[in-house]
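*Asks:* Each chain, written out:
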Amino acid sequence: MEFNTVDGVVEIEPQRDGSTFSSNGMLLEVGSDLWLEIDGRKYKAHATKVGDVWWVHIQGHTMRFELIEPGAAGADDDGGMVAPMPGKILEVMAEVGQEVKTGQTLMIMEAMKMEHKITANQDGIIQEILFQVGDQVEQGAQLLNIE
Amino acid sequence: MLKRVLVANRGEIACRILRACREAEIEGVAIFAANDSGTLFTELADISIQLDGEGLAETYLNQQQIIEIAQQNGCDSIHPGFGFLSERADFAQAVIDAGLIWIGPSPTAITQMGDKMTARITMRAAGVPVIPGEEVEGGLEQVLALAPSVGYPLLLKATSGGGGKGMRAVHDAADLESEAKAAMREALNAFGDDRIYIERLLVGSRHIEIQILADQHGRTIHLGERECSVQRRHQKVFEESPSIALDSELREQMGEAACEAARAVSFEGAGTVEFLLTPKGEFFFLEMNTRIQVEHPVTEMVTGVDLVREQLRIAAGEPMSCGPLSMRGHAIEVRLYAEDPANNFLPAIGKLQIFKPPTGPGVRFDTGVRQGDEVTPNYDPMLAKLIVWAPSREEALLRMGRALDEFVVLGCVTNIRFLRELCDHKDVVDGWTTTDMIDRLWPDGWAPDQNSIITDAGLLIASSCEAAGFGKQLSTKSSEHISPFTTLNRRFP
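From first to last, the protein sequence lines stand for chains G and R. The letter at position 119 of the first sequence is residue 119 when you use our numbering, and the numbering goes up by one with no holes. The letter at position 54 of the second sequence is residue 54 when you use our numbering, and the numbering goes up by one with no holes.
Hints listed in this document are in silico derivations from the structure and should not be mistaken for laboratory results. Cβ coordinates follow ideal geometry from the N, Cα and C atoms, glycine included. There is no bait here: all hints are sound.
Distance ranges between label pairs, derived from CB positions: (1) G:Lys117 to R:Tyr152: 19 to 25 angstroms; (2) G:Lys117 to R:Pro391: 44 to 50 angstroms; (3) R:Gly74 to G:Tyr43: 52 to 58 angstroms; (4) R:Gly329 to G:Glu2: 46 to 52 angstroms; (5) R:Leu188 to G:Glu2: 43 to 49 angstroms; (6) R:His425 to G:Asp135: 37 to 43 angstroms; (7) R:Asp97 to G:Gln127: 56 to 62 angstroms; (8) R:Tyr152 to G:Gly25: 51 to 57 angstroms; (9) G:Leu130 to R:Asp97: 47 to 53 angstroms.
Using the sequences and the hints given, assemble the complete structure.
*Replies:* The following block contains the structure:
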């Protein structure tokens, strides 16, 4: 199966033997608890699934892996800039048709009482601005399009 | 003695105050907005009352509604906690006018310290050293005119601000105008007042604050220092007491200056005087917080004084119970934030699907949330505080590292790993903590220091759990095992 990770898409198919899974010389016992075995030592692990994302905790490290469902469209968000969290648009500093450069501030939004800049993720021309000053936006909402 | 206290706050600090009330055999009344229904603090109260309305202004900041609830429910006093209405002199006055006891300093003291310009003038007059800077009263144009005389790097701060809101560091004159606009706008949104002031940013300084207690019997004492130098976006993340930068002589000097500051405004209750300590050993008054502070537990751990309990005593007109200052061992607090340290500390939301705080010797956990709670964007992203005590600083850091490793939070991104690496960082271990250290240590932003074995292990766990249907298996498991307590037809005492 495939996961989206911070290092890109990773494919992994662990070997299964009953409730024991293995990969790269590591063993995982999946019962009511999770026990990972590396070089003969056992470590307790925690995991839970939220939506398509597996959250994993092992030895003080927390990781997230997004399961890519077979047949689902790839994460193609080229040119779209999305709200990093729910909040309110405070300022729109660009216009449709305007030429912008990567890193240029296009919007300012307020969330959790702090201001955040929405910056251009590529050079190009603004095709669409989907929100106005004062609008509330949801996390992940597309704010602008650049081509 | 107080009989029934209304706690005009929520989350972690409301839990802290309600527990203190219970221990003092005083009844606690919680107020909560609809979206806080069922959270921990509403359960710790003797009485919980739901606030009408939506949004902060109609609920936790609604002075009239809060005072009416206090009166209708037979409260004799109001504790404001921190944030919200805690430093609003008009609220303190309204509480007093309603015939209730305000658990805090007088409205006059709040006003004198709350307005940073007035505070600077008052402190200068009282002989307490203040930072070189300029007070701005004429808006943006005057900011631009005054900046060159203060010099770069400089700091823009909201006159009536706090908590890092409306505060901007400017390193280059070219950024001044846009940063000043942003600071004024943030200040206006957060405090309803867009006045700002400019001061010189003292690079490489430590943030040292002195805890003060003052009762109505003429006694004003300090309870030593807290060092809160490690900050991100001007909000503290790591606090400790004592500071390695202070010896007993400097502690006495700063403690005396802080008591002097408190006496200058006839301060009463618990408060904190914040100073910047330069590498040369000079200290300057920053501000006084006229309320209980987020990081108060580190002082409690090293002095053995229960600060919230003392607040309740002082407000009732009793003398404070603590004796002469005696500090023992070392305490560290870290703040658990729902935020992504690998993405510029952006606030995060989500459900705390798994939430297992650490336990064990020397560990104190002050929380407002628990497993299953939803972290929403409605309130501050600070979820809880983890505090450790140990005989020495070195052992306290090791204990904090151990505790953070035990701490499991899944379902919402937090800063736990960042805090863990901070405790291990050489500069922190050596005590080279300064207010600019996060930018200094991670100039290009922080990313977890994670080896490939951990990543591979994580992938094995995720893929195996997916293949085994791990989550689903757990949810049906409860029906497989039948408890003997339910099959035996009797009750156990």
